[in-house]
Amino acid sequence: MRVRISRVVALAAAIVLTGTASVSGAAAAVAGTHVTTRPTIVLVHGAFADSASWSGVIERLQQRGYPVVAAANPLRGLSTDAAYVRTVIDSVPGPIVLAGHSYGGAVMTNAAAGDPDVKALVYIAAFAPDKGESALELSGKFPGSTLGDTLAPVPLGDGTTDLAIRQDLFRQQFAADVSRQQATLMAVTQRPIRDAALSEGSGEPAWKTIPSWFLLAGADRNIPVAAQRWMADRAGSRATVEIRKASHAVGVSNPRPVADLIVRAATAR
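FYI, in mature numbering (1 follows the signal peptide of the UniProt record, and there is no 0) the residues of the sequence shown are -28 to -1, 1 to 241.
Warning: the hint list may mix true and false statements.
[To be verified] Label pairs and their in silico Cβ distance ranges:
1. Arg48 / Phe114: 26 to 34 Å
2. Thr9 / Ser151: 15 to 23 Å
3. Leu157 / Gly120: 36 to 44 Å
4. Leu141 / Ser171: 30 to 38 Å
5. Ser171 / Arg206: 16 to 24 Å
Since the hints were derived computationally from the structure, they do not count as laboratory data.
Computed from a predicted structure; not experimentally measured.
For every residue, glycine included, the Cβ atom is placed at its ideal position computed from N, Cα and C.
From just these sequences and the hints, can you work out the full model?
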């Protein structure tokens, strides 16, 4: 377990104020909630999305009593994004289950490496790179991705480029099984990703030491399902679930099976 100075200080203050050495009670006071043995679910969104894309999944996890944190993935560079998500993980007490969607899978693969508090990794239509591999490389490993033809590049001052999906093509590319109204909102609120993030090679992958679960989107136009299946097999997935007609936005269109798989990982022994 990692040591968090702020929690230690708060715990000491709680003991002094209450005049008791009951660690469990003081810890509950610091957390502002009852003591629970359930892991915290930390969710990492991918490119062309934001944390709101997890809303349906979050609702179902909370209904089952799980604490949830949705990290705001910066989408600037794989190593820097992973470093940020690692700070989010470090702020969470107790055991953690990490779930990542799309590029968020690559980020959590790096962020969780060597962290003993992360008990499971859940890949939702996500990249699970090995050392040196990039998201761009993996998306082209098998035929079927049409993402490149839908992107609207915006040059940045440092010579790199921000990439977003054209709003008029967003639904057919990213969220074909989501209602037109919701897909329109998702297109407008999507967050662009810096091209360098997609081409940056991964560090040592957490899936080599942490158990993993995979959910595959069978009608994905961003990451071909063949690539998703290949990564799941390589990682030694404990369980692989495929939703045959699901788009890349499978967490939006099918939040229940996504939440079910996360809970399955959280309760595994």
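**Request:** Of all the hints given earlier, name the ones this structure violates by number, lowest first.
**Result:** Those not satisfied are hints 2, 3 and 4.
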